[in-house]
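**Q** The lines below spell out each chain.
Number of protein chains: 2
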Amino acid sequence: MNLQTAIDRVSLEEAVALAAALDGKTDILEMGTSLVKDYGNLAIEKIREVLTTSTLLVDSKTIDEGAYEFQQAYRFGADIVTAMGAASYDTLAACYAVSQAQDKTMMIDLLEVNEEKMHQIADFEQAIYALHHSVDRKDKQDTVASVAEFHQKFPQIKRLAIAGGIDLTQAQALAKQGLIEIVIVGSKITKAAEPIQAATQFMEGIQS
Amino acid sequence: MNLQTAIDRVSLEEAVALAAALDGKTDILEMGTSLVKDYGNLAIEKIREVLTTSTLLVDSKTIDEGAYEFQQAYRFGADIVTAMGAASYDTLAACYAVSQAQDKTMMIDLLEVNEEKMHQIADFEQAIYALHHSVDRKDKQDTVASVAEFHQKFPQIKRLAIAGGIDLTQAQALAKQGLIEIVIVGSKITKAAEPIQAATQFMEGIQS
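Chains as they are written, first to last, in numbering that gives the first Met the number 0: chain A, 0 to 207; chain B, 0 to 207.
This is chain A alone, in the form it adopts within the complex (with noise of 0.2 Å):
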């Protein structure tokens, strides 16, 4: 399993200093949305300049005009980038193949996704499914079991990514389990008073 570990809510000068002290302790670091939206591209730059070692994933959470998105995220050099499964199809199939021409991975976040748009979009093939609970949502989830229950119901799907208020216990136990291949976590890393000795104690600790 792999560990991406996002960097959210901070200005651009903490982002960029985060990632350079992160850069190879995390397998993908994650550029969160709130830094694509309030600095735009220009974080994408700066954030890719610092890493030599780790994967560059761009929240962008694209909804709509998917090529465009995602050839703008790449160009400033995203190697990963995010769509809404809530999206239309012909909206995901665009952003899937900017993403397959240029050798880059898509990665669908499933917020808000019910079954029915779920099975609608199952179909691609090489692309990364984030299982995600939101931050604003009231109600809890039991991790193991949402993925236990989704892999039953959707097998055909290989990648799968889990984000969503994500502690150590649950990350040693999805690790466990073996169904996903990147397990997602924000703030208990990025806002430990040691995030460094954080990221390495995730890293440690999914490793089988």
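Since the hints were made in silico from the structure, they are not lab data.
If several chains are the same, the list does not tell them apart, and a pair holds so long as it fits within one copy or across any two.
The list that follows gives simulated cross-link-like pairs (lysine-lysine, DSBU-like), each with its CA atoms no further than 35 Å apart:
no., residue 1, residue 2
1, Lys116, Lys152
2, Lys157, Lys190
3, Lys190, Lys103
4, Lys187, Lys116
5, Lys24, Lys175
6, Lys116, Lys103
7, Lys190, Lys24
8, Lys24, Lys157
9, Lys157, Lys116
10, Lys175, Lys187
11, Lys190, Lys175
12, Lys157, Lys187
Use these hints to put chain B onto chain A, whose structure you have.
**A** Chain B alone, transformed into the frame defined by chain A:
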């Protein structure tokens, strides 16, 4: 009926120049999602600076972290900010709470929102609900018929907007129909040979 003119997929310099030229020639100036994602809050600030008459809408397309994204957009100068109807109810409630507290306006983009979901999110009384046909979708729609059908199903929703390839003939028909508060026009104005003249034609065409 009010005209909202959307600026998208141009450089920040071109966007600012176009916004300055369109100020007062369109009721609402929309800073499109491409400008949000390409330039971030800087674009809101720069466009705000050149507007003296038109209202500024920022097409943030917020789908998570509602309070943060809305606070940021208002802080940098937006009068109206968009959230996706596809977001969770809790995210929309967070966006609405920020908007109401600051005496600003939320627009809910109904892209890919089905009837079942629409019933769940129909209670934001002061919000503007925007019917939206994705530019990525291959199928076309009859706008006047779509609006009539929506109004019949959701008569309690008082504030309606519509977006997606609207031309002058459609805009005039919508004005005559009298159900829409805001018609949103993009390339039919901004990519016209004479954008100001095109905006003026729309503004005159929708007066009833």
